[in-house]
Amino acid sequence: MVVNTMSRTVVLGVIGSDAHVVGITILEQALSAAGFDVVNLGVQSSQKEFADAAVEHSAEAVLVSSLYGHAEQDCQGFHEVLEEANVDALTYIGGNLAVGQDDFDQTRATFEELGFDRVFDSETDPEEAIAALERDLNITTTESEQVTVTS
Amino acid sequence: MVVNTMSRTVVLGVIGSDAHVVGITILEQALSAAGFDVVNLGVQSSQKEFADAAVEHSAEAVLVSSLYGHAEQDCQGFHEVLEEANVDALTYIGGNLAVGQDDFDQTRATFEELGFDRVFDSETDPEEAIAALERDLNITTTESEQVTVTS
Amino acid sequence: MIRDERIPSEELRRIDEEIRSGWTTGGAVDFEEAIAYHESLPARKQFADVLESADKPLLQPRAGVPRLDDQIELLEYLHEEGKADLLPTTIDSYTRDNEYGKAEEGLEKARKTGDDTLNGFPAVNHGIEGCRELIEAIDAPIEVRHGTPDARLLAAITFAGGFQSFEGGPISYNIPYTKRHGLEETIEKWQFVDRLAGAYTERGVRINREPFGPLTGTLVPPSIAIAIMIVEGQLAATQGVRSITLGYGQVGNVVQDVAALNALQKLGDEYLPDEVCVTTVFHEWMGGFPPDEARANGVIGLGGMTAAIAKPDKVITKSPQEFQGVPTKEANSAGLRTTRQVIDMAIEQKIDIDGIAEEQDLIERETRCLMDSIFEHGDGDIVRGTLEAFDSGALDVPFAPSDSARGAVLPARDDDGRVRIFEWADLEMDDEIKEIHRARLSQRADTEGRDQSFRMVADDVDAISDGKLIGRPQGDA
Amino acid sequence: MIRDERIPSEELRRIDEEIRSGWTTGGAVDFEEAIAYHESLPARKQFADVLESADKPLLQPRAGVPRLDDQIELLEYLHEEGKADLLPTTIDSYTRDNEYGKAEEGLEKARKTGDDTLNGFPAVNHGIEGCRELIEAIDAPIEVRHGTPDARLLAAITFAGGFQSFEGGPISYNIPYTKRHGLEETIEKWQFVDRLAGAYTERGVRINREPFGPLTGTLVPPSIAIAIMIVEGQLAATQGVRSITLGYGQVGNVVQDVAALNALQKLGDEYLPDEVCVTTVFHEWMGGFPPDEARANGVIGLGGMTAAIAKPDKVITKSPQEFQGVPTKEANSAGLRTTRQVIDMAIEQKIDIDGIAEEQDLIERETRCLMDSIFEHGDGDIVRGTLEAFDSGALDVPFAPSDSARGAVLPARDDDGRVRIFEWADLEMDDEIKEIHRARLSQRADTEGRDQSFRMVADDVDAISDGKLIGRPQGDA
Ligand code: B12
Ligand code: B12
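The listed protein sequences derive, respectively, from chains A, B, C and D.
The C-terminal residue of the first sequence carries number 151 in UniProt numbering, and the numbering is unbroken.
The C-terminal residue of the second sequence carries number 151 in UniProt numbering, and the numbering is unbroken.
The C-terminal residue of the third sequence carries number 477 in UniProt numbering, and the numbering is unbroken.
The C-terminal residue of the fourth sequence carries number 477 in UniProt numbering, and the numbering is unbroken.
Worth flagging that the hints you see were computed from the coordinates, not collected in a lab.
Check each hint, because a few of them may be wrong.
To be verified - Which residues of chain D face chain B? A few of them, derived with a C-beta cut under 10 Å, are: (1) 96; (2) 99; (3) 147; (4) 176; (5) 177; (6) 288; (7) 325; (8) 326; (9) 406; (10) 407; (11) 455.
Stated by the list, open to error - Part of the chain C face toward chain A, derived, beta carbon under 10 Å: (12) 240; (13) 452; (14) 454; (15) 455; (16) 465; (17) 467.
Using N, Cα and C, we set each Cβ at its ideal position, and we do this for glycine too.
Chain A on its own, in the form it takes in the complex (with noise of 0.2 Å):
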């Protein structure tokens, strides 16, 4: 992979029936001013919305948001979704991926089962996440670009 400074599209969503919009409209936020162009498909989109959506936009991440309890029945078959559709990006997962008081070791192993290259808990700054996708990207960022979310 060669260090890439430029365009870094990702795919932003919420799967399944879950409408939990907030999480990933601070998401959004926070990834666009970290310089990424998010492509945020909003709550309650499908596979396919998301398969669809990383190929017309060639995106380098997907990026899945699901909040309600039923991650793990909504992305049953996502991989082979995308890998269908020819997606060879990142997948991330994350917000509270499990029904009732879980151990979330458990729920990261299911979900990387699943085909998730990170698993994320409800705790998760959105730092925390630009932080993983810029180093899984391996974007180096030069001292003058660095924009955090706090500034």
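We have chain A already, so just place chains B, C and D with the ligands on it with the hints.
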């Protein structure tokens, strides 16, 4: 034992170096209202003070209170002291009998082993203690006599 | 195009029949028999009467599990251990999407495995019999809580099943809950729900209706919430509903919350027809909770305190596990008891806080602006007006995921922690009022030595979960 | 007979030597070396400075276990997980009784078995070295909390050991804590403690002294507590103490609590010499707690809310396990965090409640009556006056177990939940004020349709643990 509706003297006090007085103040008042003659030794009373008072007033029951968590140490040998003084009264203990967050069943067993006839936790209402005394002392209360502390 | 008019009887019957054919359990509904059933219920299960005659705020949690026996056990627990006065039955997500087939699968799986494969109680699948078993088992009134855009079959079955209170409304269960349902569509569907409740009401069975006041739960300015409550109350009243509980979600500033609840009751009484008995429900903080049960208890404590001062008719409690996920029944009860303790310790105290009247006045003025705008947009018809006002952005809800609302208005807290409007977009409002908000927010910006920006909004969204009310810049920023 | 006079230097030295010979660890105290040690401590461990310069209420829990390493671990936990700003070291009961031999046995047993055989940290037995290890391990100021009538050796060792704050006083650690210690005796002993603190103060090491405001923790009328705080503050000031934190225990009525804290600060500033820096500490409810952690969290929530409004310099928190026994460190931290969340959410809000000024005025008038009476009883000498006033019953504390106080005065709540005096006994008070109390209590009796009686007092004692503020008659009584 014969049915006894007359003079019913009980000795009441807080044992050891414990100074929690509110509980026995409430108990004294409730016991008096229920018709008992109460000898209130107050806080920080020694085993000997309990025994002496029981003898002096021919008490039918000795009521020990402890809140501060040292009841077990403070009651070691208490029943021997009573026996030596020829006190043949019922013995109750109540309050917050263990240090820390304990299981009450275990606490009850500990104090029964020490010789107490009944062991009460700190959720005990005065009414319960009175009911137990009346049962154990075989006191029949006629309708007209019945004095409850709620009146 | 639909208007705010009562559905005629034949039309009601037609839709009712059509709707009930949507799932096997629909066939069992018999209106006359259902009336008789409601009449047979003891006074302590008559929702509207219990709520309206209470002399202090009644507490109600949220709770729903797929299996009937589990739901009975859960509600019994919340009633006995949590001392809930009113009980809920929260419906699962498939039912909300009208996917009764998927709900059936989930229910069967739940029955087989014992796992909670659905996130609520699929009342349609349980049918009238199941509902009634629940109603009979629990010694308190029970409300249906859901989030369903098209709740017609759910209403038909739960009303016949003995439930006497039904949450939601065409705006409040659309805008915050779904992306693609058109507002005209949901208004039409909820007109049926309300008409059905009205039909029961006419026969003496007053079904209580409760528009969902918190909306997106996230820094919703009181006047926006109140205007929507009035609209939904009016729509329900038109269809014959006579017991309406208007809702409001805590924003965390005590003065603003008390003022808002006062305004909600006052404007509700004023705008809604005299025949309607208007009550209010206060939702403990509906936004993001702290990821720590001890801190969550602090949030709940502040909610209880606010309720003790404002004295709404009902309080919907949160649990200390709100952040994490669906709470255990123990945590749910704990939230109830913490709230109860605070309310009972504070409610007999005379606590008159300065500035409530002024804040209430501001909220009322704002609400009237919005209501005037709605009436103007609709040429006097509130349905038309609501549709047009949302369309033009004159009416809007912050953080609305729905395509039917702009979601362009943005709130932020002022220096005192009251929710003001930072980005008005096209929201209809007197310039004078806008100036008040602007001044309050610029005071905060001054205090913090930073410009007003989306960053401030984002900080406020996170503030309570981070342990503060106002999202001040942290550290050396 | 003793008077309110500074102990002369030679006398201080004489007693100090005598006292330090009472237990082996006493020998190691070297005043000059101790001063140097205190000077070496970083600013963030200088108790008085940290407390006096804070811009919001600092939180402090209660905690003490016998072994040093356990105590370090416990305080670290409360600091890190509970986010306590100030830390305590609570001393065991044997040490309070000056039974250092028994404490030694307990400590040895604790070291061998790992059990907590003592209910606190035996600082005298740990000696200077042990104390300093604790001071060095913890990155925050630490106060000694105890309940010791004769705390002279404890003071000598803990001051030299690096502690810079010391709770208690001759009245507040006598009347509520012990039956047989004479008041004259404890005053004399605390004059030494204060003189020692004064000696450090003169050398630039300001030992903070904190009279124990809650007294018996049970419905203590604010003016009685404040008068005793002023007396103890004055006694400490006379001996050269310059940092004094006056205490007050929550009664649960927000208006009365805020008024009392205001009055405490105002009268403290007024009565105590100008050289003294007076701060205040608010103790969350010190009476009987509900036997239920969820409800206890409600009590704690109300405490936090009150603190957010009154803004004392320090808050001593309770844990949800207060009813049951000494709390686990997790529960102790939880109490801290619940309190912190409520305070931080509410403190930036402007919450001005009506009637605080009037209540404060009443409290001030009452306190002045008591202070006047003390000065009169002592012909201008506050020590003599205090002794005579307690003796005559002109000064009294409800539920006092001590033989030195009548314990004849009885409090009861009025219809608003404020603590009034039901039985005055010989308490010195203007008739006009008595009339105000009488009227308020008879209003309550009317509301309840029953006579004022001890039963009302007993009901009030139990009320908060039973889930209410006011002990109204229950059921069909
Ligand atoms: C506000 C809220 C609502 C609002 C939502 C309004 C809206 N449209 O957005 C309303 C009231 C409508 C609502 C409805 C429901 N809700 Co809700 N809701 C919440 C609440 C209180 C806050 C969520 C929030 O906005 N947080 C603030 C934002 C900024 O944080 P966030 O969403 O967590 O996002 C951050 C991180 O998670 C992370 N993140 C999120 N996604 C991703 C993705 C990636 C890739 C990465 C890196 C990071 C990341 O970064 C974000 C920014 O910091 C939470 C509980 C809580 N957290 O306190 C419950 C909660 C999420 N809701 C819950 C439930 C059950 C529901 C309902 C089903 C309830 C019901 N029975 O009616 C419905 C579902 C409706 C639907 N179809 O989706 C549950 C989920 C249970 C579970 N997972 O086990 C929760 C946890 C409450 C609870 N304890 O029961 N809810
Ligand atoms: C008020 C109080 C104080 C006041 C006491 C004032 C006074 N002189 O009375 C003050 C602040 C001075 C105090 C001091 C201390 N206290 Co304290 N105190 C309390 C508190 C908050 C309430 C007690 C009370 O008055 N309850 C109200 C009365 C009406 O109820 P009650 O006492 O429980 O009595 C009822 C029942 O228990 C029962 N009952 C009691 N005795 C008996 C006997 C019989 C035979 C029967 C049938 C029934 C019965 O009937 C009573 C009437 O309903 C409790 C915690 C709680 N319960 O919430 C802690 C508590 C009892 N205290 C405790 C401690 C540790 C102390 C100190 C050692 C603290 C310290 N480190 O400084 C000192 C000890 C001083 C001493 N020498 O005794 C601990 C005890 C720990 C344990 N058992 O494990 C408790 C539980 C607090 C805690 N969680 O840490 N305390």
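Going through the hints against the structure:
Below 10 Å, beta-carbon pairs count as interface contacts, and residue 96/D has one with chain B at about 8 Å; its hint therefore holds. This hint holds: residue 99/D has a C-beta 9 Å from the nearest C-beta of chain B, less than the 10 Å allowed. Hint status for residue 147/D: holds, given a least beta-carbon distance of 8 Å to chain B, under 10 Å. Taken as an interface hint, residue 176/D checks out: its beta carbon lies about 7 Å from the nearest beta carbon of chain B, inside 10 Å.
Interface restraint check for residue 177/D: the shortest CB-CB distance to chain B comes to about 5 Å, inside 10 Å, so the restraint holds. Given the 10 Å rule on beta carbons, the hint for residue 288/D holds: about 7 Å separates it from the nearest Cβ of chain B. At about 5 Å, the closest approach between the beta carbon of residue 325/D and any beta carbon in chain B falls short of 10 Å, and the interface hint on this residue holds. Annotation: residue 326/D was flagged as interfacial toward chain B, and the flag holds, the nearest CB pair being 5 Å apart, inside 10 Å.
Hint status for residue 406/D relative to chain B: violated, with the closest Cβ pair at about 13 Å, above 10 Å. Of the supplied interface hints, the one on residue 407/D holds, with its beta-carbon coming within about 8 Å of a beta-carbon of chain B, less than 10 Å. For the restraint placing residue 455/D at the interface with chain B, the shortest Cβ-Cβ distance is roughly 7 Å, inside the 10 Å limit, so the hint holds. The restraint placing residue 240/C at the interface with chain A is violated, with a minimum CB-CB distance near 30 Å, outside the 10 Å limit.
Residue-level restraint check for residue 452/C is violated (minimum Cβ-Cβ distance to chain A is 14 Å; threshold 10 Å). With a least beta-carbon distance of about 6 Å to chain A, the hint placing residue 454/C at the interface is held under the 10 Å criterion. Because the closest C-beta pair between residue 455/C and chain A is about 7 Å apart, less than 10 Å, the hint holds. Hint on residue 465/C holds. Least Cβ distance to chain A is approximately 9 Å, under the 10 Å limit.
For residue 467/C, the suggested interface contact is broken, since its CB lies about 13 Å from the closest CB of chain A, more than 10 Å.
The structure does not agree with the numbered hints 9, 12, 13 and 17 stated previously, though it agrees with the rest.
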